[in-house]
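Chains A and B, in that order, are what the protein sequence lines are. By my numbering, the letter at position 62 of the first sequence is numbered 62, and the numbering carries on one by one without gaps. By my numbering, the letter at position 129 of the second sequence is numbered 129, and the numbering carries on one by one without gaps.
No lab work stands behind these hints, which were simulated from the structure alone. The reader is advised that the hints may include incorrect statements.
Stated by the list, open to error - Derived coverage of chain B by chain A (criterion: at least 3 residues anywhere in the stretch with Cβ under 8 Å from a Cβ of chain A; other residues may be distant): (1) 23-29; (2) 52-66; (3) 105-114.
Said to hold, decoys possible - Heads up, simulated EDC-like pairs for lysine to aspartate or glutamate below, C-alpha to C-alpha not over 16 Å straight-line: (4) A:Lys115 / B:Asp30; (5) A:Lys115 / A:Asp103; (6) B:Lys82 / B:Glu23; (7) A:Lys115 / B:Asp86; (8) A:Lys107 / B:Asp30; (9) A:Lys115 / B:Glu23; (10) A:Lys115 / A:Asp129; (11) A:Lys107 / A:Glu123; (12) A:Lys107 / A:Asp11; (13) A:Lys115 / B:Glu26; (14) A:Lys107 / A:Glu136; (15) A:Lys115 / A:Asp11.
Unchecked claim - Residues of chain A clear of chain B, computed beta-carbon distances all greater than 10 Å: (16) Asp12; (17) Tyr15; (18) Ser25; (19) Asp35; (20) His60; (21) Ala61; (22) Arg68; (23) Pro90; (24) Gly100; (25) Pro108.
Beta carbons: idealized from backbone N, C-alpha and C, even for Gly.
Take a look at the letters that make up each chain.
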Amino acid sequence: MNPVRVLLAEDDRVYQVMIARLLRSWGYETTVVADGEQAWQHLSSRRGPRLAVLDWVMPHADGLEVCRRVRNSGLPHYVYIIMLTSRTEPHDPFSAFDAGADDYIAKPVNAAELKTRLETGREIIETRDRIAQLREGSA
Amino acid sequence: MHHQDNVKVEPMSNGICWTVPPELMEVASDIPDLLEELVCTFRSDSSLRMESMQLAVRESDRNVLRSQAHTVRGSARQLGAKVVADLCQQLESSALSAPWPDLRQLVESVAVHLGATHRAMATYMNGIEAEAER
């Protein structure tokens, strides 16, 4: 089975290093970018990653903007998005979900939590793909 | 603004103002050299961002000040540099509105404690290297 590809969009070098190395140690094929425009370019490509970990505060386009673009773009495949942030306002998670994020993780990052949430995302994508195949088969 | 009323800036009982947080230690124990790489990255990246904050004060650029404080806060918190993270949090939340003399003082406090944290990190990492060589 091919490794699952994950896009990590994060402009903080410390988090880039830590999360990328964690993802690779868990078997994910990982692409790292440092701003929202690059994230959007990867996610909107035809065979782009299906899992994305997006920092909220990034240059050029923030995580919320990338989420909105993904959800409004009519991509043929579903992208599971985990929003990552050190913001601390009580309404922040709701803003992230409203923009189209599937999950939300507050910094500092707990490795076990990130791993579990990525596994959940991977399972949801696999389930969606199976449902889509069944629909195609019965059409 | 009296930021020093809110932040305790005290070294630990052993005189070192930084140690690896347990959750990071747990992660780093599974991935070779991760701790060294993170500490090295934090020291170089936060030094550059510190310079950027000092320049932002000189150029009266509140947005850059807030943005850099936000990033240093996040990585400092992850690496267990609590005092630096707390000071940056104050800086981030006050950057758009506080008077410049207060912000200047806060930035200099961040610089002092970031420097102390960098030295403590270097001491800690040298200790690990020495331990490994034994």
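Hint check:
With a threshold of 8 Å between beta carbons, the proposed coverage of the region 23-29 of chain B by chain A holds, since 3 of its residues qualify and at least three are required. A count of 0 residues in the region 52-66 of chain B with a Cβ less than 8 Å from any Cβ of chain A is obtained; the coverage claim is therefore unmet, three being the minimum. Under a criterion of three residues with beta carbons nearer than 8 Å to beta carbons of chain A, the stated coverage of the region 105-114 of chain B fails, only 0 such residues being counted. With a CA separation close to 14 Å, the supplied pair Lys115 (chain A) and Asp30 (chain B) stays within the 16 Å bound.
Note on Lys115 (chain A) and Asp103 (chain A): the hinted pairing holds, with a Cα-Cα distance of about 13 Å set against a maximum of 16 Å. At roughly 14 Å between alpha-carbon atoms, Lys82 (chain B) and Glu23 (chain B) fall within 16 Å of each other, so this suggested pair holds. In summary, the hint linking Lys115 (chain A) to Asp86 (chain B) is not supported, as the alpha carbons are separated by about 27 Å, beyond the 16 Å threshold. The suggested pairing of Lys107 (chain A) with Asp30 (chain B) is violated, with an alpha-carbon distance near 20 Å, which exceeds 16 Å.
Distance hint between Lys115 (chain A) and Glu23 (chain B) is fulfilled; the C-alpha atoms sit about 14 Å from each other, no more than 16 Å. Taking the CA atoms of Lys115 (chain A) and Asp129 (chain A), the gap is about 21 Å. The hint is violated against a cut of 16 Å. Distance check on the hinted pair: Lys107 (chain A) and Glu123 (chain A) sit about 24 Å apart at the alpha-carbon level, beyond 16 Å; violated. The hinted pair formed by Lys107 (chain A) and Asp11 (chain A) meets the criterion: a straight-line CA distance of about 14 Å does not exceed 16 Å.
A threshold of 16 Å between alpha carbons decides the hint, and for Lys115 (chain A) with Glu26 (chain B) the separation of about 14 Å falls inside it, so the pair holds. For the hint pairing Lys107 (chain A) with Glu136 (chain A), the CA-to-CA distance comes to about 40 Å; that exceeds 16 Å, so the pair is violated. A hinted pair counts as satisfied when its Cα atoms are at most 16 Å apart, and Lys115 (chain A) with Asp11 (chain A) does not qualify at roughly 21 Å. Not every Cβ of chain B is farther than 10 Å from the Cβ of Asp12 (chain A); the closest lies at roughly 5 Å, contradicting the non-interface assignment.
The Cβ of Tyr15 (chain A) sits about 7 Å from the closest Cβ of chain B, inside the 10 Å cut-off, so the non-interface label is violated. For Ser25 (chain A), the condition that its CB be more than 10 Å from all CB atoms of chain B is violated, with the nearest at approximately 5 Å. Taking the minimum C-beta to C-beta distance to chain B, about 13 Å, the non-interface status of Asp35 (chain A) holds against the 10 Å cut. Residue placement check: His60 (chain A) keeps its beta carbon more than 10 Å from all beta carbons of chain B (closest about 13 Å).
Residue placement check: Ala61 (chain A) keeps its beta carbon more than 10 Å from all beta carbons of chain B (closest about 15 Å). With a least beta-carbon separation of about 21 Å from chain B, Arg68 (chain A) lies farther than 10 Å from that chain, consistent with its non-interface assignment. The beta carbon of Pro90 (chain A) is kept farther than 10 Å from every beta carbon of chain B, the shortest such distance being approximately 15 Å. Against the 10 Å criterion, Gly100 (chain A) stays outside the reach of chain B, whose nearest CB is about 23 Å from its own CB.
Listed as a non-interface residue, Pro108 (chain A) fails to keep its Cβ farther than 10 Å from every Cβ of chain B; the least gap is roughly 4 Å.
Checked against the numbered hints above, the structure breaks hints 2, 3, 7, 8, 10, 11, 14, 15, 16, 17, 18, 25 and satisfies the rest.
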